[in-house]
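Protein sequence lines correspond, in order, to chains C and E.
Sequential numbering from 51 applies to the first sequence in our numbering.
Sequential numbering from -3 applies to the second sequence in our numbering.
There's no promise every hint is true.
What the hints assert, rightly or not - DEER-style ranges, computed between Cβ atoms:
no., chain 1, residue 1, chain 2, residue 2, range
1, C, 91, E, 22, 36 to 44 Å
2, E, 66, C, 64, 47 to 55 Å
3, E, 37, C, 70, 17 to 25 Å
What the hints assert, rightly or not - In the EDC-like style, the derived pairs of lysine to aspartate or glutamate whose C-alpha atoms are separated by at most 20 Å in a straight line are:
no., chain 1, residue 1, chain 2, residue 2
4, E, 103, E, 20
5, E, 67, E, 27
6, E, 34, C, 94
7, E, 106, C, 94
8, C, 92, E, 38
9, E, 34, C, 51
10, E, 103, C, 94
11, E, 34, C, 112
12, E, 1, C, 94
No wet-lab data here; the hints were simulated from the structure.
Computed from a predicted structure; not experimentally measured.
Think of the CB as a built atom: it goes at the ideal place given N, C-alpha and C, for glycine as much as any other residue.
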Amino acid sequence: EPEVTQTPSHQVTQMGQEVILRCVPISNHLYFYWYRQILGQKVEFLVSFYNNEISEKSEIFDDQFSVERPDGSNFTLKIRSTKLEDSAMYFCASSRTVTNSPLHFGNGTRLTVT
Amino acid sequence: DQQVKQNSPSLSVQEGRISILNCDYTNSMFDYFLWYKKYPAEGPTFLISISSIKDKNEDGRFTVFLNKSAKHLSLHIVPSQPGDSAVYFCAAKRNYGGSQGNLIFGKGTKLSVKP
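The following block holds chain E by itself, in its conformation from the complex (with noise of 0.2 Å):
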């Protein structure tokens, strides 16, 4: 049961452009939304993340996007640099009622940016 869903395994961008990393969920019940950023070898490194309350946040490069009726999040780094290559998960919980400590991951996205 794929609760959070990344669809696109591989991303490759230019070097200063925008890079856009999509992810759905299909519970309703999660209300936070978090992005992590792995390098192999690395725990995942948290990023920046999202309540449902929200439908934005933003902190440097780095923009969150919540679209809560299509269920979407999506990450925009801009501009992107060599150094964002990585691996990125969404991940989302819920914050109340129940598996408040359960975060579910997608499967990633390995993001590729070229100088």
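Excised from the complex, chain C in its bound form (with noise of 0.2 Å):
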């Protein structure tokens, strides 16, 4: 079965670098999208991207943060100048459609910023 796959599993990094996360979604999938878990709290939504461009984000998708589908395979997730808050569990999905359509997701990157 088709799945989204996600590198690096764990990533760390010292507070104010960059860090890029790397996605490959379902390859007939049309959207994609970013969330993150922050241990101990729920899952929440980041960003969402279609056609070549982001269609939606949350309030913690600020400047910081960027998204890119550089190829026809890959969507990366660029944080621009980490901060300690960013620790979390980033999780990649994607999906067929944008109605009634379940996303699917990767099994996630941990992000340590130390």
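Each of the two chains sits in its own frame; use the hints to bring them together as a complex.
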């Protein structure tokens, strides 16, 4: 069964550094998403992406964050200057359509900012 | 603002019995509801969904019931198996009118199925 793959599984970085989290969505899916889960908290929406542009973003997704689909298969999340509070599990997801279509999630990248 | 609530943090069930996981929501604009299962160190795995035009959807051992007037949904697992032990998340979204990409999750219920 097709799946969403994310790399790396764990990333440790120092405060102020840039990180790029990578994702390969399911190949016939058109909508892509990033979510995050801070330890002990709910899974939270960050951003959705369709047709090579951001379709929606949350308040969390400020100017420090950016997303890109650099080629036909990868989808990336960049955090320009990491803060301690960016430490979380980051999940990429994709869906075929935006209505009545489940999101399929990857196994996440655990980001630790020291 | 807890738009999706799972009030039971944990549930323990005997193997072979029925597991019933509950979820309440407050936003009447939600029209698509999903259940996910999550093992430690993995991402949420999609289980089953239901559109607001239905009140029941069944897939094998899993059935989701939706009561729109009560803003309540439940997931039934029959029969429960030890491999079902995981954290189950309820999630909801709007299909139309904005915020379509924003899946709102509950806090999860940890299900333990004992042999």
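Which of the stated hints cannot be reconciled with the structure, identified by number in ascending sequence?
-> Hints 1, 11 are the ones this structure does not satisfy, whereas the remaining hints hold.
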